[in-house]
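So the protein sequences, as listed, match chains U and X. Counting in the numbering used here, the first sequence runs from 1 upward without gaps. Counting in the numbering used here, the second sequence runs from 1 upward without gaps.
Incorrect hints may appear among the rest.
Copies of the same chain are indistinguishable here, so a pair counts whether it falls within one copy or spans any two.
[Claimed, not checked] Keeping only pairs whose Cα atoms sit at most 30 Å apart, straight-line, the calculated DSSO-like set for lysine-lysine is:
| no. | residue 1 | residue 2 |
| --- | --- | --- |
| 1 | K147 | K44 |
| 2 | K9 | K44 |
| 3 | K39 | K147 |
| 4 | K44 | K76 |
| 5 | K76 | K9 |
Hints in this document: simulated from the structure, not taken from any laboratory. As the structure is a prediction and not an experimental result, all values here were calculated from the model.
Number of protein chains: 2
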Amino acid sequence: MLKSELPRKAVYRLSIYQRCLSLLQDNGVERVSSEDLSKAAGVKPAQLRKDLSYCGPLGTRGLGYPVESLRITIEKVLGSHRLQPVILVGAGNLGSALLRYQGFRKEGFEILAAFDQNPGKIKTPIEHTPVYDVVDMPAFITENKVKMAILCVPVANAQDAANQLVQNGIQGILNFTPAVLHVPEGVVVNSVDLALELESLSYYIR
Amino acid sequence: MLKSELPRKAVYRLSIYQRCLSLLQDNGVERVSSEDLSKAAGVKPAQLRKDLSYCGPLGTRGLGYPVESLRITIEKVLGSHRLQPVILVGAGNLGSALLRYQGFRKEGFEILAAFDQNPGKIKTPIEHTPVYDVVDMPAFITENKVKMAILCVPVANAQDAANQLVQNGIQGILNFTPAVLHVPEGVVVNSVDLALELESLSYYIR
Numbered sequence: 001m002l003k004s005e006l007p008r009k010a011v012y013r014l015s016i017y018q019r020c021l022s023l024l025q026d027n028g029v030e031r032v033s034s035e036d037l038s039k040a041a042g043v044k045p046a047q048l049r050k051d052l053s054y055c056g057p058l059g060t061r062g063l064g065y066p067v068e069s070l071r072i073t074i075e076k077v078l079g080s081h082r083l084q085p086v087i088l089v090g091a092g093n094l095g096s097a098l099l100r101y102q103g104f105r106k107e108g109f110e111i112l113a114a115f116d117q118n119p120g121k122i123k124t125p126i127e128h129t130p131v132y133d134v135v136d137m138p139a140f141i142t143e144n145k146v147k148m149a150i151l152c153v154p155v156a157n158a159q160d161a162a163n164q165l166v167q168n169g170i171q172g173i174l175n176f177t178p179a180v181l182h183v184p185e186g187v188v189v190n191s192v193d194l195a196l197e198l199e200s201l202s203y204y205i206r
Numbered sequence: 001m002l003k004s005e006l007p008r009k010a011v012y013r014l015s016i017y018q019r020c021l022s023l024l025q026d027n028g029v030e031r032v033s034s035e036d037l038s039k040a041a042g043v044k045p046a047q048l049r050k051d052l053s054y055c056g057p058l059g060t061r062g063l064g065y066p067v068e069s070l071r072i073t074i075e076k077v078l079g080s081h082r083l084q085p086v087i088l089v090g091a092g093n094l095g096s097a098l099l100r101y102q103g104f105r106k107e108g109f110e111i112l113a114a115f116d117q118n119p120g121k122i123k124t125p126i127e128h129t130p131v132y133d134v135v136d137m138p139a140f141i142t143e144n145k146v147k148m149a150i151l152c153v154p155v156a157n158a159q160d161a162a163n164q165l166v167q168n169g170i171q172g173i174l175n176f177t178p179a180v181l182h183v184p185e186g187v188v189v190n191s192v193d194l195a196l197e198l199e200s201l202s203y204y205i206r
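Same shape as in the complex, but just chain U (with noise of 0.2 Å):
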C-alpha cells in the first residue's frame, strides 16, 4: 500500500502492537486474541481489527493472532527493521538530556552527531555522541545520508534550523521546540512539548 494511504495515528499504534508482540514472543506466547492483544495496548479491539486491516489479510477468525508472525508483518510494513541514522540539533539543557537518553538507540535509532553554535560545547562528547559546530552541518547530513533530525535549539532560532535541515535533505523533525513549524509538503514534523503536557495535566488537577 502507499504510505499516504496509512493514516498517522495508525502508524503510531502499530508501533506500539509490535512493542506489545515483541514482548509476548520474548515470554514465549505463541498466538494472542485480538481482545488480549487491544487491552495491552489500550486501544479498543474494532480499533485494532481496523488498524491490523492495513497489513493485508491475517489469521484465522476464532483462534486469534499468530505472535511472531504478525509481529513481522507490522515490521515490513512500518519498514523498522534497521537502525536508522539520527543528528540532534541544539545540544543545550534538553538537546544534551536526551543525548543522555539511551532509550533512542534500544528502538533503533543512533543519534550519530549533535551540532550547536556555541563553540564551548564543540568538540566535548556527550555520552559518546560528537558534538560539532553547527557550520559543518549539512556536509554531514549528506555524507552520512541522515534523513532524521532532532530539533532542540532556543525557539527563536527553530524555524531557521528547520529550514536549513530541510534545505539540506532532512525529511522528518522531531520538534522539541515550542515552535510551529512550517516545512514544505513531504517533510514530517512530530512534535513533543513537555512543558506543555503538564501543562494540559494540571488543568484536570482539582
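Dock chain X against the given chain U, drawing on the hints supplied.
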C-alpha cells in the same frame, strides 16, 4: 464552565494560544487578529474561534482580540497562574535527563524531588533536585500536597508505581514509560513516548 466540558485537545490548544499571546505582549503588541493568532499557533481560524468560545464572550468583531486581556482570560480558564509542585519517579537515564531540563520550571512547574529504588542515586541531588528513596514517597506526597508526577521508571515497574502514586493522592501522571497505564476515573495520564515519536517519523522517510 465545568472542567469536564472542555475537550482535552482544546486544553492543549488554549495553552498554545496563551504562549503566543505572552510573546506578543512581551513585544508590545496590543491587539491581534484571529488570522494572525491562529497562524502563529498552527491551527485553522475556525478552530481558534471555537476554542476561544469556551472562554466566554470576547472582544468586538473586526477589531481583533485584545492581547493582554485575552491572555489573562485564558489563564483563568486554565488555572495556570501559580507554580505547581511535581515529583519525578525513577531517576535513571531519562529521569535524570529530565531533571537537568530547565524548561518545566520556566513554564510554572517545580520538580520538588525525585524518587528512586537505587540507593546509589539517593541523596545525590541532580541539578539541585534531591533524589530520595522511593519508600519515603507516600509521606512526601502528603506533606507537600503534590498532585502531579512524572513517571520514568522501567516499563516493568510502571503500573505498580502508578498505583502507588494514585493511592497517595496523585491526580495527574506524565508517563514517559511505554506502558499503557490503567488508572481510576478522575486520574489523568498524558503519555510521551520519545522512541515512538521517532518510529512514527521514520515511517515517512523515503
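Run the structure past the numbered hints and jot down the numbers of the failing ones, going up.
none
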